[in-house]
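Chain by chain, the residues:
2 protein chains.
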Amino acid sequence: MDYYSGYISKLIEELSILPGIGAKTASRLAFYILDMPQEQVEELSQSIIDAKKNVKYCKKCFTLTDQDICPICASKDRDHKTIMVVENTKDMAAYEKVGEYKGVYHVLHGAINPLMGIGQNDIKLKELFERLKDDVDEVIIATNSSVEGEATAMYISKVVKPLGIKISRIASGVPVGGDLECIDNVTLLRALQGRVQI
Amino acid sequence: MDYYSGYISKLIEELSILPGIGAKTASRLAFYILDMPQEQVEELSQSIIDAKKNVKYCKKCFTLTDQDICPICASKDRDHKTIMVVENTKDMAAYEKVGEYKGVYHVLHGAINPLMGIGQNDIKLKELFERLKDDVDEVIIATNSSVEGEATAMYISKVVKPLGIKISRIASGVPVGGDLECIDNVTLLRALQGRVQI
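Respectively, the protein sequence lines represent chains C and P.
Note that UniProt numbering has the first sequence beginning at 1, numbered continuously upward.
Note that UniProt numbering has the second sequence beginning at 1, numbered continuously upward.
Everything labelled a hint here was simulated from the structure, so no lab data went into it.
Once the Cα atoms are required to be at most 30 Å apart in a straight line, the calculated DSSO-like pairs of lysine-lysine come out as:
id	chain 1	residue 1	chain 2	residue 2
1	C	Lys76	P	Lys10
2	C	Lys10	P	Lys76
3	P	Lys102	C	Lys10
4	C	Lys24	P	Lys53
5	P	Lys56	P	Lys126
6	P	Lys24	C	Lys59
7	C	Lys60	P	Lys24
8	P	Lys60	P	Lys81
9	P	Lys24	C	Lys10
10	P	Lys124	C	Lys10
11	P	Lys124	C	Lys24
12	C	Lys56	P	Lys10
13	P	Lys56	P	Lys124
Take a look, some chain C residues computed to stay more than 10 Å from chain P by CB distance:
id	residue
14	Ser75
15	Gly117
16	Asp122
17	Asp134
18	Ile140
19	Ser145
20	Val147
21	Leu192
22	Gly194
We put the CB at the ideal spot given by N, CA and C, even for glycine.
Using the sequences plus the hints, can you model the full thing?
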């Protein structure tokens, strides 16, 4: 990196920290940024600072928001007795894009992963159980269909069931448009086990 | 993008401007940035501003540098009578990494590309010809082996030849370690035409 001016090397180094950005991509991005109009560069830099400064956890559901209580938790049109538990804000956004779900969310910010040293106290589980002291009809677990997501789902279900609250897990199966021959065995098995009468 | 806080949407939008960064990658990067420690975020943002503010063209070779005259042009150990013409600073860095070349450079910042409306006045060609008024022994053209790079090389050679300055083009052929059966026809033909006696 000594072939570039210190400022360019520094920029490349900083960009390389980002996930999925290797040295080559970082240098491509750096030279692109140097070529951008001044205002655009300032806007990019400012948006990074602004997002970091203003975005915090919603005090109820722990999604990332710029308000104390996020718009969904604050909305009177949502069913506050149904809580969908997701691993992160992006998963919540995925369901919001669908638009059909009218309940509220709880964002865990991760999943239980003993191998990575992430235990039940490292994600927002305590905060979820705290919420269940209010009037809640159903908890829908929408953690990922990975080993960690399943383990987290299992743990939540163990704690919630004795409380007499209805608990459900989003269905696992063949994705719409999926070609059976391209789908892994576990998914095929799950789809069979979860078959519904038509 | 309405599913996120305005600050997050803005950050995603700004990151999407960068080349090769689509909506999905931009949102992955944005959430990663939100998760980074405060100082690291500030450093990233500052490095963008610093690079844009301090990096300019070297007054001699037009590479990107933070000095008036870049370290290579200022060096007494380099052969200032040999000029290698490259399309951009990254290409210059590629040759500097090899470390064998002892001459200086001239960075065009592009190549002639009529389809994209880039003519001979849109890249640093005038500035190259200006430099040739000094005592220059050889001009080595190291533009890319693309249609635009070749057209630029041809144009430079046409202008420089009448001046009685030695002009050369870096060799085109099979890359070291390249498998003949995987190499395109034009390269194979070039390699044959450019064969050297052993």
